[in-house]
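A.B. asks: One letter stands for each residue in the lines below.
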Amino acid sequence: APTAVQTVELMPPSIKQRKPSAYTWGTLDIDDLLARMSSEGILVAKPEPDSNGNCVIHLPKEDTLIQVEPNSTHIFCPDEALRSKLRTILMRCLNKF
Amino acid sequence: LVMKDNASTMCLMDVEQACREAGIARHVLRFSSTITVDDAGPSSKTTDKLYQMIKSHLDDFNVHLIDGAINVESVMVNVDCSENDKKNILVSWTNEDEELGSFILKLLQNMGR
Chain E
1 APTAVQTVEL
11 MPPSIKQRKP
21 SAYTWGTLDI
31 DDLLARMSSE
41 GILVAKPEPD
51 SNGNCVIHLP
61 KEDTLIQVEP
71 NSTHIFCPDE
81 ALRSKLRTIL
91 MRCLNKF
Chain Y
1 LVMKDNASTM
11 CLMDVEQACR
21 EAGIARHVLR
31 FSSTITVDDA
41 GPSSKTTDKL
51 YQMIKSHLDD
61 FNVHLIDGAI
71 NVESVMVNVD
81 CSENDKKNIL
91 VSWTNEDEEL
101 GSFILKLLQN
111 MGR
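Those protein sequences? They're chains E and Y, same order as listed.
The first sequence begins at 1 in the numbering used here and counts up one residue at a time.
The second sequence begins at 1 in the numbering used here and counts up one residue at a time.
To be clear, the hints were calculated from the coordinates, so they are not data collected in a lab.
Note that the structure is a prediction, hence the values are computed from the model and not measured.
Accuracy of the hints is not assured; some may be wrong.
[Unchecked claim] Within a straight-line C-alpha distance of at most 30 Å, the following computed DSBU-like cross-link-like pairs (lysine-lysine) qualify:
(1) Y/Lys106 to E/Lys85
(2) Y/Lys55 to E/Lys16
(3) Y/Lys45 to E/Lys16
(4) E/Lys16 to Y/Lys106
(5) Y/Lys49 to E/Lys96
(6) E/Lys61 to Y/Lys86
(7) Y/Lys49 to Y/Lys106
(8) Y/Lys106 to E/Lys61
[To be verified] Here are the simulated distance ranges between beta carbons:
(9) Y/Asp67 to E/Arg92: 33 to 41 Å
(10) Y/Thr9 to E/Ala81: 44 to 52 Å
(11) Y/Asp80 to E/Ala81: 22 to 30 Å
(12) E/Glu48 to Y/Val28: 14 to 22 Å
All C-beta atoms, glycine included, are put in the ideal place defined by N, C-alpha and C.
Based on the sequences and whatever the hints tell you, model everything.
C.D. replies: Structure below.
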């Protein structure tokens, strides 16, 4: 059960500074994303694009879903190591400032 | 810090406004992860416990509890009732709050251990 008293987590000082690593902009190139995921050994089911420029990428084995829209990408991922890997890949695919 | 009018003026503005003025289309990355916990009782009671716990660890932040959801900057925490007193806790955050979001996720994953 959630009990606050048993939890001892120390907040890294960098969180307090709230300095974002980077702001991302532009549209995600799905083919580029899939190629980079493939080169990292991440296998995906067939992407499901729709006519509005959205695309859903499902990783059934990892129970992970990537919803891509023209101005946003939402990653539902229960595995922290995989999420971190996907984040790195996505940051490489997008423009940053 | 933004330079305007051929660098003749400088001003501070938030990133959304700066992007609008510069015609840059932001691409928002959001991450979501779900944790399942055993906690009997209504979801609102679990939410209250999580709210108190998050608040106690984040003195320097404004932690809000609005309509059953906990918000800290772009981080959102929602509790859903599953079955047999199990609760699904959805933690979601944008890339700009990566450190804060992953800290809260880790905090909730480790609670009670």
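A.B. asks: Hint check: Y/Lys106 vs E/Lys61, CA-CA at most 30 Å. Holds or violated?
C.D. replies: holds (23 Å)
A.B. asks: Holds or violated: are the alpha carbons of Y/Lys49 and Y/Lys106 at most 30 Å from each other?
C.D. replies: Satisfied, since the Cα-Cα distance of roughly 16 Å is no more than 30 Å.
A.B. asks: If you check the beta carbons of Y/Thr9 and E/Ala81, does the distance land in 44 to 52 Å?
C.D. replies: holds (47 Å)
A.B. asks: Using the C-beta atoms of Y/Asp80 and E/Ala81, is the stated range 22 to 30 Å upheld?
C.D. replies: At roughly 25 Å between Cβ atoms, E/Ala81 and Y/Asp80 fall inside 22 to 30 Å, so the hint holds.
A.B. asks: Given the proposed pairing of Y/Lys45 with E/Lys16, does the C-alpha separation stay at or below 30 Å?
C.D. replies: holds (28 Å)
A.B. asks: With a cut-off of 30 Å on the C-alpha distance, tell me whether E/Lys16 and Y/Lys106 pass.
C.D. replies: Holds, because 17 Å separates the two Cα atoms, which is no more than 30 Å.
A.B. asks: Check the hint pairing Y/Lys106 with E/Lys85 against an upper bound of 30 Å on the C-alpha distance.
C.D. replies: holds (17 Å)
A.B. asks: Quick check on a hinted range of 14 to 22 Å for E/Glu48 and Y/Val28, using CB atoms only.
C.D. replies: Because 21 Å falls inside the window, the suggested range holds.
A.B. asks: For the pair we were handed, E/Lys61 and Y/Lys86, check the Cα-Cα distance against 30 Å.
C.D. replies: Distance ~24 Å between E/Lys61 and Y/Lys86 Cα, so the pair holds.
A.B. asks: Given the hint of 33 to 41 Å, check if Y/Asp67 and E/Arg92 actually sit that far apart at their C-beta atoms.
C.D. replies: holds (37 Å)
A.B. asks: Just to be careful, I want the Cα atoms of Y/Lys49 and E/Lys96 compared with a cutoff of 30 Å; is the pair within it?
C.D. replies: violated (38 Å)
A.B. asks: Would the pair Y/Lys55 and E/Lys16 pass a check requiring their Cα atoms to be no farther apart than 30 Å?
C.D. replies: holds (14 Å)
Going down the numbered hints, you'll see the structure goes against just number 5.
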